[in-house]
Structures are given as C-alpha cells and as structure tokens.
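J.: Please model the entire structure based on the sequences and the hints provided.
Residue numbers (numbering that gives the first Met the number 0), protein chains in the order written: chain L, 0 to 311; chain C, 0 to 129; chain W, 0 to 547.
Check the hints yourself; a few may be wrong.
Unchecked claim - Within a straight-line C-alpha distance of at most 16 Å, the following computed EDC-like cross-link-like pairs (lysine to aspartate or glutamate) qualify:
| # | chain 1 | residue 1 | chain 2 | residue 2 |
| --- | --- | --- | --- | --- |
| 1 | C | Lys-81 | L | Glu-24 |
| 2 | W | Lys-87 | W | Asp-144 |
| 3 | C | Lys-2 | L | Glu-24 |
| 4 | W | Lys-440 | C | Asp-98 |
| 5 | W | Lys-463 | C | Glu-76 |
| 6 | W | Lys-463 | C | Asp-29 |
| 7 | W | Lys-482 | W | Glu-84 |
Claimed, not checked - Per label pair, the in silico range of CB-to-CB distance:
| # | chain 1 | residue 1 | chain 2 | residue 2 | range |
| --- | --- | --- | --- | --- | --- |
| 8 | L | Glu-289 | W | Leu-7 | 54 to 62 Å |
| 9 | W | Arg-470 | C | Glu-76 | 52 to 60 Å |
| 10 | C | Asp-122 | W | Thr-546 | 23 to 31 Å |
| 11 | L | Lys-71 | W | Arg-535 | 23 to 31 Å |
| 12 | C | Glu-76 | L | Glu-5 | 20 to 28 Å |
| 13 | L | Pro-83 | W | Asn-2 | 46 to 54 Å |
| 14 | C | Asp-122 | W | Val-537 | 45 to 53 Å |
| 15 | L | Glu-289 | C | Asp-96 | 54 to 62 Å |
| 16 | L | Pro-83 | W | Arg-470 | 43 to 51 Å |
| 17 | C | Glu-76 | L | Arg-275 | 44 to 52 Å |
| 18 | C | Asp-122 | W | Glu-365 | 49 to 57 Å |
Claimed, not checked - Covered stretches of chain L (in silico footprint by chain C; criterion: 3 or more residues with CB under 8 Å from a CB of chain C, positions within the stretch not fixed):
| # | stretch |
| --- | --- |
| 19 | 93-101 |
| 20 | 105-113 |
| 21 | 295-306 |
Read the hints as simulated data drawn from the structure, not as lab findings.
Using N, Cα and C, we set each Cβ at its ideal position, and we do this for glycine too.
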Amino acid sequence: MNIADELLGGSRLALSRAITAVENEYDDAVNIMQKLYPHTGNAHVIGITGPPGAGKSTLTDKLAKEYRRQGKTVGIIAIDPTSPFSGGAILGDRIRMNELTLDEGVFIRSMGTRGSLGGLSRKTSEAIKILDAFGFDMVLVETVGVGQSEVDIVKTADTTLVVLVPGLGDDIQAIKAGILEIGDVFAINKADHEGVDRLHTELEMMLDLNQEKTDWRPPVQRVIANRGEGINELAEAIEKQIVQSKQSGQFSIRRTDRTRSELLAMLDEQVARFVRRKLSDYGKFDELVESVERREKNPYAVVDDIMASILR
Amino acid sequence: MEKRVRVLVAKPGLDGHDRGAKVVARALRDAGFEVIYTGLRQTPEQIAEAALQEDVNVIALSLLSGAHNHLFPRIVELIRAKGMTDVLMIGGGVIPDADIPALKAAGISEVFTPGTTTTTIIDYIKANVK
Amino acid sequence: MDNESLKLKVAEYTAKVEKASAKFPERKNLEYNRLYTPLDLEGQDYERDLGLPGSYPFTRGVQPTMYRGRFWTMRMYAGFSTAEESNKRYRYLLESGSTGLSCAFDLPTQIGYDSDDVISEGEVGKVGVAIDSLADMEILFDQIDLGKVSTSMTINAPASVLLAMYIAVAEKNGIGPEKLNGTIQNDILKEYAARGTYIFPPKPSMRLITNIFEYCSKNVPNWNTISISGYHIREAGSTAAQEIAFTIADGIAYCEAAIKAGLDVDAFAGRLSFFWNAHNNVLEEVAKFRASRRVWAKVMKERFGAKNPKSWMLRVHTQTAGSMLTAQQPENNVVRVALQTAAAVMGGTQSLHTNSKDEALALPTEASVRVALRTQQIVAYESGLADVVDPLAGSYYVEAMTNQIEAEAWKYIKKIDDIGGAVVAIEQGYIQKEIQESAYKWQKEVENDQRVIVGVNKFQIEEKPIEGLLRVDASVGELQKKKLADLRAKRDNKAVTAALVKLEAACADDNVNLMPIILEAVKTYATLGEICGVMRKVFGEYQAHATL
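T.: Right, dumping it as structure tokens:
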C-alpha cells in the first residue's frame, strides 16, 4: 500500500496506517510525513486539557457533534497514559464517543503516551499533521491531563481549551498556575455540581489578574457536557478566539513558534541518535561509567572527551 | 522500534455481561498491550470501523448471549471488506465446543471458552499476532 | 474458663497451629481466622443483635416459623425460544414440583426491541423467551392459572410493560389484579452497575419505578414491585460484603425516590424484595444473609422511620452462583449447586432457583433442570437443614462473620452516602470500579493457584466436548418475525396509534402515572418495541461510560 498517496486519495485505512507508521517508527514513516507535509496547515487544532475526572472525553464528544452540526469534519486524538510498569495502556476515551464511530466525517484515534513522561510526544504532533493532511477541518486533541501534557499542548494546538470541574477538592490556588496561563478558553464542566459559583468567580479573578500580560482575555464558559448544555456557547467562544487571534497576528506567531520548536526538537532528536550511534563506536563506555562512579574521573571531562572524539 | 500490540476488546450485540471482557482488558494492559475497550452494545459495523480507525492488531470479541454464530462471522466479513487482512480475530464467552469449527472456518482464529486463563490468551496473541 | 485464661489458651493454640500450617501453604492466605471462640463474640447481645425469628432485627429470619411453616418457594428460572416452548417448560416444572414460576426473557425483550428489529438479529429467544406483544404473553401462560401460581419476571427497563401484559392476561381469564402474586425485578440501578440491560437514563427510569410502586400499592397489593438485586453484582465479581452493601445502597436510593415522589414509606416498603447470590463459601454466605437482614432492618427503621414491621423485613429470592459453574467436568456442578443450596437454606431464603449442571455452556435441558429442582427437594425433605430455624445461630464463627460482614457493609454504604447516593456513585463509576477490582483480584488468585477451582486449575482431566446441550433454533427469529407481521395485519392499528400517542404525551408529563396508560396500550396489541420506542423518544437512551 502506498500509504501517503492513498491517504491523500481519501482512504481511511491509509490514514490509520499512517498514524501507526509514525507511532511505531516504521522505516517508511519519514517518507510518509514528507509527502504529507505540503498538505498540512489547514486544520484548526484544539487542545483539550484539564485534570482527570473533568469530563474531557464527554466534552470532546459533544464539541465534535457541534462541529458536525456546523458541517465541519473532525479528527480526534485521545491520549491516555501508558503504564510505566508494563508498557501497556487502557485507551479508554473512545468509549465515551461511541456515537461518533459511524460518522464518516469523524475519525477517532486513541494513543498511549508511551513513555514520553506524560507529555505530548512528537508522535502526537505527527498524528495531528496526518489528520490535517487528510483534510479534517478541526482536529481535537484530548490530553491525559496531568503533568507535562498540560503545558505541552500549547505547543501543539492553535487553541487550548482548559476544562475544570467544581468539587474535585481543589481551589484555584491548588490548580497549577501553568494551566491558567496556557488556556485560551476555559470550560467549567459539571456546572450543576456544588461549588461551581465559587470556582467560576475565583477563576475569573485569577484571569483578570493575568489580564495585563496578553490582549486576549480568556472567556469562562459553563457547560454540562453529559447533558449537552452550554456546548454551542463554548463553540462560539472558541470561534471568537480563533477570529481574534488571526486578526491580531497571534495565530501566525504561534504557528511559526510551533514550527520552530518542532524543527529544534527534531534536530535534538537526530543529534541524540547520532551521538548514541557514535558512542557504541567509541567503545569502552562501560569502563568510563565505572571510573566516573569511582570518582576516578569526573563526568564533565568525560563528556568533553567523548564529544571531541565524536566530532573529530 | 516502538511497536505495541493494539487490541480492540469488543462486546457485540445486546449482551450486558462484561466481567470477562474487563478482566481480559486489564490483563492485556498488564502484559504490555494497548487496549481499546468498546463498551456494550456494539454493532458489527461499529466494531469494524473502530478496528480500522485504531489500526488494531487483534480484535477480541466477548459474547455470552448465544448470538455468536450470527455476529462473529458478520464482523469478520466487515473487517475483510475494509481491507484489514492482518488482524488476528479471537472470541470468548459462552460458546459451545460444537460451534467452534464453524467460527474458525468463518475467520475467528481461536475461541476461548469458560475456564481459560488470561495467560493463555496473552500467550496466544503473542504467538499469533502479525 | 474466664476470658483471660481463654485468651492465653488461644494464643498457645495459634502458635502451635501456625507451625503446622506452614506445611499447607495454599491455605495460609485465607482472610479469616481458623478458629473462633466466645472471645470473638464479646459484646454480643442476643436481644439486640439477634432476637427471635420474625422479630426485629430479623437476623434469624423474617418469618417466625420459617420452613416449619412452609418451605421456600422452589422457583426455577426458565424461558427460551418461543412462548409455546417456554409454556411447555413451565408446565413441566410445575408438574415436577416447582412451587412458583420464574420467567427469563430474551435480550431484545429485556431491552425493549421487537424480534424483527435489526438489532435483534441473532438474539431472539436465545437467553430467554421472546415476548413481542400481549399475544405472546397469552401463549406463555396458556393452561396456567394466574390466580393460583406466583410468577417472578426477570425484567427491568421495560418492567412496566411486561407487568401490564401479565395483568391483561389475568384479566382476560377473569382474574382481577388484586389476586395476582408475583415479582418483577424492576431494578434499574444494578443494570447500570453490573448487568447491562438498561434502556433509559436514571431519572425517567426512577419515575417508571415509582409509578409502579404507586400503581401496585393500590391495584396489585400482593405483588412484589421490585427485586433489589445483589446476585448480578456478585456475579460481576464483587465480594459478599459488597454484594449486600451496593444492593442495599440501591434500595436506599429507591426508597428516597419513592418518598420524594410523595409515597409514604409504609405504603410501598412491605412489597420491596431482594435477590441474593448463593455462592460457594457456605458459611460465609449464611453469615451474609443474616447480616443483610440486620442491616436492612436498621435502614428501614432508623433511617426511613418506617413504622410497619413488614417494612423492616428483607425478604429474599436466591439463585445459586452461575459464575461458579465450570465447563470442565460438569457433573461436579451438581455438587456445587447442592452446597450453594445448603447455604441459601441455612441463610433463610424465601425463594430459590438452582442452576443446572450444563449451564456453563447452555440453557438447561429438561433432564438437568430436573436434577437442579430435585436438589432443592432433597435438601428440603431429606437433609434436616430445613427442620430448625436459623440452625447456625450461636456458632462462634457464623455470628462473628455476620458481624464482620455487617460492619464492612456499613462502611461501603457510608462511602456511597458520602458520594451522594447510589445513583451518583454509579454515574461516577465508583460501584463499577469496586466490582472490577474484586473481579480482577479473584482472577489473579485463580491464575496464581491461590484459589483452586476443581477441574479447572487442579484435578483436570482430558475431556471430550459435552454433548446433548440445549440449542435454540436459529429459526426462532424468523418465526417471531412472521408472528409480528400477522399481528400487525390483524390488530386494530388505529387503536394502537391512538394509544401510543396518548403514551407519548403522558411520558412527557412527570405528574402522570404511566401504568394505566401502558396497560391500555398493551391491550391494543401494541408491541413491546413500539411502546418502548415511544419511551425512548421522550426519555432518551442511557449512555454507558465504562471505566476500566
């Protein structure tokens, strides 16, 4: 199967295979990405983050349905944590989006973090590009919601939607400040639960305090995802943000920044690979490790030596 | 190489008994597989489409309601029609031995009947997945 | 011997025995002590904790005479294929000495779909009888006097419809609803948590349930309007304490819903019934039954302030544990069921279904279901276990275990209260997660040989596939489709449409009791699928979200 060509021709099987190729680092992965790259840049990418239990999957499902109602096609990437012990994962977001499975304007792919320290791997960005190249209008990326992924999402998405819920035992203070800074739009889900007013007020206050730093004041939208309430208002808020960020130039700046980070990350990765390969040529690495551990040599000098040798 | 075995654990038809499917899903995760559990009441069409989107290596069908002779072959048919030729298809649940040859002929590689250990299933997948 | 010397003696004994146990490692990890003495019952008060059978807190049984007054109802769950076939089986069971009927319906019926619905393909008549309309119901009870027999129907989401059909059949035979005896399972919460045959979301489902409570309290007073079930929760993998705790939490939710709907607790509580599992560990099960009665009595008296003693009584139907049957060496299942029966009887059940030996792989044949029924009869007449009320009372072990299970159950009930009640706990997946954890733990124990299942992970033999299993003909689906076509041609379709329109309007109005309207619709021969279709339209469908 010529994956890239068939994908561009509209084959969903090829689309699926392409994502697998980059995930599993098959030999043809780079080739595929090179062919697809010119066709990327059209989809609007929305990152959906927030603590576990916030109802991200349900909200993603409802948001996707709203976009379908508007006649847009939607690609969805749902990320779940890979077990650090077994290397396996339960990818359990899809089950909340069952009704979308047979919608031809939707494609849902579940991905495990596979050891990228809870963050969003480069593979996620590649998967996004693949969906983009296939032609989806919107790409929704639902993150794990803990740790690095919350911040990483900004580097990957055009719009970052932060989902919070009342009563998870956290005040705004307990919520990491990082979340407040990265959100373009905030949704308070399960808005029928106790504590919603207080959470909403506190959130608005914190966002006001942040206000001077940027020219976009993130809106806060209450939703009850499992009842489908507040969804089109949320979609409207996101639409406003998209329009505003394009008008102000933020949109292009962020995309360029994103490309820059990606290029640097790819370079870093290649360099690291190169060094590792050369290291095995260098030999006696194990001996060096031992002598550093015995304090016979210091690690800084050792690294300098190795680099000098590799770069010769 | 970063390859993981991806398994779709699915419950076709109206059967609501999911103890086995959930235990197997967890065991597969503990064995290092990526597991997508579909939940209840999946139509053959939903299962086949989910399998395609997730590009799974294995589809594990769980059924205790006696409707396997109708539903399992239908799912195999749809998978093949979608061009997915390398998927390992296995089944489990309340399935009399007498029905198994026909299911195998229809494309189910193995059927795991009551009393089967999760280790048996995991070993089978590791030995037979493409 | 005073307590101090007893304590010393027990300590000595334990040390000696520890050494010996080291040679029998598989038995070391059991979760309870090997020996119980009066020390384990310190603080127990007979009057307060046990009382007499038939008196609060009913630990010793809900009836004073128990099986000396009459045996538990021997009620064999049955149903498959068409109404004609099932009717034959019901009459066979009644002739063989079964003292009550228990109807199993197929999955399309349980989920409110007609046999000709696309989604019913392959499922018609497989796990129970296919009932598409009142016409099928009439055939199901042909030659059976509904005025004389008590019938339990395992039906939940569409319970209102099946109950209406039953009432209509009785009416046609000149039997008024006030004469009807029986039960509908009607327990939607455990469907969400463990069994999976839900249709509508929680709110409208609770409305239907409370509508039934109210309707029956006025019109069908001898009918058990709900069988709050722990059987399926246990089958899904829970422990004994979880089984009764989660079920009682569900019961609390139903009571709260009924009270909120304006019913007085004593008006409906006397007709609530329960459904337990009879599992393998005989003595633990007996303790579980006793603990459950004590917990429920306290819940009804103290929490809900019920005044009528009937409201405090936990009456229970029991089924032997299906999940404990093995496909390997199926004859062994007869032994398992006999032990489970002993547990249920010593536990004080009001009604009992015993599984057949071939049920790990199929529905039972006539021959194997007869053995299952005989098991109950042998225990009743030959074993002496039914001759004394609550025979294990006073056993240090059983009383201690009763207390232990009760304490554990209260912990879970409190946890669920803290979460906001059973409905919220299910929405959040708490109950499902607990069940899954227990199920996974069990499986790991089996696979690590810490839990022996005879014939499966120990004492295995080479076996040939079992022959002579019951098979439901695939043609049942075609048969039912034809019946439906004929029905739709013969009935007064204008009347059907009018009834469905009326139903739709009534569904949309929370203040209307739907039972009389469903009864009307059923009598026009509107099908189950048509009636549930209207309800689906107004109420929507439940979206399950399993968490693994």
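J.: Checking against the hints above, which ones are violated?
T.: 1, 4, 5, 6, 9, 18, 21
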